[in-house]
Structure formats: C-alpha cells, structure tokens
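Undergrad: Sequence:
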Amino acid sequence: MADENTAKKVDEEGAGREPLMGVVPDHGAGHTEDDRNLDMIMDIPLKVTVELGRARMIVRELLNLGQGSVVELSKLAGEPLEVLVNNKLVARGEAVVVNEKFGVRLTDIISQAERVEQLS
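Under the working numbering, the letters of the sequence shown match residues 185 to 304, in that order.
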C-alpha cells in the first residue's frame, strides 16, 4: 500500500491518478485479462461421476431387490466407463485401483464440439 505522503491528489478529470493496488491481482508480465478471469473460476467445485452402466426396471422389480440381488447393467464387461461432470459427458476411461480405491484412467476426452452439441 502507498503511504499518505506518496498518494497523488485526483482532479475532476482523473489526471494524476495512482493505479489501484490490490484491486486486480498482479500475475506478472504475459498474463492477459482472460487469464485472470479464468483464475477466478478455478476453485469452483464440480460434481464428477463415473458411470459403470444403467438399468431400467419397474417398481415391482425394485421392491423385490434384496441383499445379494444382481442388477444387470446395459454395458458389456470391458466397455469404457463414462466420466460425467455436472451430468455432462466429458471423457471415457477404464476402471483402475489406486491405493485400494477405485479410480478411472481416461482413454478418450470428448471434443469441445461434441460437448457443445450436448447442450442443444
């Protein structure tokens, strides 16, 4: 922050105005306004879902489910899993185990044109 002795007086036309410090983050040379705008959204949380498959059933079948029941899914074993971000397909991949937890190795990223097409 500039101290009071170095602050310049601003006339009605705005001449002699000091740049506002701390209003816009200084990202150094080479960073554009678009870069700064993009930085503002980088910490927004998104819902990421990896879909193994889908099934349809009637209410009677749903009510008959119990421990040990098997629900047959629409995908075949070995088919890629779908990676959805906020319920929009963004990639496909294969299941992996990472530190005793499931993960997904991305094998195909959906093109920007395909993602835009999903919106219509």
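Derived by calculation from the structure, the hints in this document are not laboratory data.
Possibly wrong hints are sitting among the right ones.
Here are the simulated lysine to any residue pairs, SDA-like style, with alpha carbons at most 20 Å apart [as the list claims (entries may be wrong)]:
#1 LYS231 / VAL274
#2 LYS272 / GLU301
#3 LYS285 / ILE225
#4 LYS272 / ILE293
#5 LYS231 / LYS272
#6 LYS231 / GLY262
#7 LYS231 / ALA275
#8 LYS272 / ARG244
#9 LYS285 / GLU245
#10 LYS272 / ASP219
#11 LYS285 / LEU236
#12 LYS272 / ILE242
#13 LYS272 / ASP227
#14 LYS259 / PRO229
#15 LYS272 / VAL243
#16 LYS259 / GLN296
#17 LYS272 / GLU298
#18 LYS272 / MET226
#19 LYS272 / VAL288
#20 LYS272 / THR291
#21 LYS285 / ALA239
#22 LYS231 / ARG289
#23 LYS272 / THR233
#24 LYS272 / GLN302
#25 LYS231 / ALA261
#26 LYS272 / ILE225
#27 LYS272 / MET241
#28 LYS259 / ARG289
#29 LYS272 / GLN296
#30 LYS259 / LYS272
#31 LYS272 / VAL300
#32 LYS272 / LEU247
Label-pair ranges, simulated between beta-carbon atoms [stated by the list, open to error]:
#33 VAL243 / ASP219: 49 to 57 Å
#34 PHE286 / VAL254: 14 to 22 Å
#35 LYS285 / MET241: 24 to 32 Å
#36 GLN251 / ASP219: 22 to 30 Å
#37 LYS259 / THR216: 24 to 32 Å
#38 ALA297 / MET224: 37 to 45 Å
#39 ARG238 / LYS285: 42 to 50 Å
#40 VAL243 / ASP223: 45 to 53 Å
We put the beta carbon where it would ideally sit given N, CA and C, even for glycine.
Undergrad: For every hint, state whether the structure bears it out.
TA: Status of the hints after comparison with the structure:
This hinted pair checks out: LYS231 and VAL274 have alpha carbons roughly 12 Å apart, not beyond 20 Å. For the proposed pair LYS272 and GLU301, the alpha carbon gap of about 11 Å is at most 20 Å, so the pair holds. Distance check on the hinted pair: LYS285 and ILE225 sit about 29 Å apart at the alpha-carbon level, beyond 20 Å; violated. A hinted pair counts as satisfied when its Cα atoms are at most 20 Å apart, and LYS272 with ILE293 qualifies at roughly 12 Å.
Pair hint LYS231 plus LYS272 holds up; C-alpha atoms about 10 Å apart against a cutoff of 20 Å. Restraint check for LYS231 and GLY262: the C-alpha separation of about 25 Å exceeds 20 Å, so the hint is violated. Restraint check for LYS231 and ALA275: the C-alpha separation of about 14 Å stays at or below 20 Å, so the hint holds. Of the supplied pair hints, the one linking LYS272 and ARG244 is violated, its CA atoms being roughly 30 Å apart against a limit of 20 Å.
Annotation: proposed proximity of LYS285 to GLU245 is violated, straight-line Cα distance about 30 Å (limit 20 Å). The hinted pair formed by LYS272 and ASP219 fails the criterion: a straight-line CA distance of about 25 Å is larger than 20 Å. Of the supplied pair hints, the one linking LYS285 and LEU236 holds, its CA atoms being roughly 15 Å apart against a limit of 20 Å. Taken as a hint, the LYS272 and ILE242 pair is broken in the structure, with Cα atoms around 26 Å apart against an allowance of 20 Å.
A hinted pair counts as satisfied when its Cα atoms are at most 20 Å apart, and LYS272 with ASP227 qualifies at roughly 19 Å. Of the pairs offered as hints, the one joining LYS259 and PRO229 is violated, with about 29 Å between alpha carbons and a cut-off of 20 Å exceeded. As the CA atoms of LYS272 and VAL243 are separated by approximately 27 Å, the hinted pair breaks the 20 Å bound. Annotation: proposed proximity of LYS259 to GLN296 is violated, straight-line Cα distance about 25 Å (limit 20 Å).
Proximity of LYS272 to GLU298 is assessed by CA-CA distance (about 11 Å); at most 20 Å being required, the pair is judged to hold. Restraint check for LYS272 and MET226: the C-alpha separation of about 18 Å stays at or below 20 Å, so the hint holds. Our distance criterion of 20 Å between C-alpha atoms is met by LYS272 and VAL288, whose separation comes to about 17 Å. As the CA atoms of LYS272 and THR291 are separated by approximately 17 Å, the hinted pair is consistent with the 20 Å bound.
Restraint check: the Cα-Cα separation between LYS285 and ALA239 comes to about 24 Å, which exceeds 20 Å; the hinted pair is violated. Of the supplied pair hints, the one linking LYS231 and ARG289 holds, its CA atoms being roughly 18 Å apart against a limit of 20 Å. Our distance criterion of 20 Å between C-alpha atoms is met by LYS272 and THR233, whose separation comes to about 9 Å. The hinted pair formed by LYS272 and GLN302 meets the criterion: a straight-line CA distance of about 8 Å does not exceed 20 Å.
In summary, the hint linking LYS231 to ALA261 is not supported, as the alpha carbons are separated by about 25 Å, beyond the 20 Å threshold. With a CA separation close to 18 Å, the supplied pair LYS272 and ILE225 stays within the 20 Å bound. Between LYS272 and MET241 the CA atoms are separated by roughly 23 Å; this puts the pair beyond 20 Å, and the hint is violated. At roughly 18 Å between alpha-carbon atoms, LYS259 and ARG289 fall within 20 Å of each other, so this suggested pair holds.
The suggested pairing of LYS272 with GLN296 holds, with an alpha-carbon distance near 12 Å, which does not exceed 20 Å. About 18 Å separates the Cα atoms of LYS259 and LYS272, which keeps this hinted pair within 20 Å; it holds. With a CA separation close to 10 Å, the supplied pair LYS272 and VAL300 stays within the 20 Å bound. As the CA atoms of LYS272 and LEU247 are separated by approximately 30 Å, the hinted pair breaks the 20 Å bound.
For the pair VAL243 and ASP219, the supplied restraint of 49 to 57 Å holds, since their beta-carbon distance comes to about 52 Å. For PHE286 and VAL254, the Cβ-Cβ distance of about 19 Å falls inside the hinted range of 14 to 22 Å, so the restraint holds. Range check, LYS285 to MET241: Cβ separation about 29 Å, and the 24 to 32 Å hint holds. In this structure the supplied range 22 to 30 Å is violated for GLN251 paired with ASP219, their Cβ-Cβ distance being about 53 Å.
Take LYS259 and THR216: their Cβ atoms lie about 43 Å apart, and the range 24 to 32 Å is violated. Checked against the hint of 37 to 45 Å, the pair ALA297 and MET224 fails, with Cβ atoms roughly 26 Å apart. Checking the proposed 42 to 50 Å range against ARG238 and LYS285 shows it is violated: the Cβ atoms sit about 23 Å from each other. The given range of 45 to 53 Å is respected by VAL243 and ASP223, whose C-beta atoms sit roughly 49 Å from each other.
This entry does not satisfy hints 3, 6, 8, 9, 10, 12, 14, 15, 16, 21, 25, 27, 32, 36, 37, 38 and 39, going by the numbered hints stated previously.
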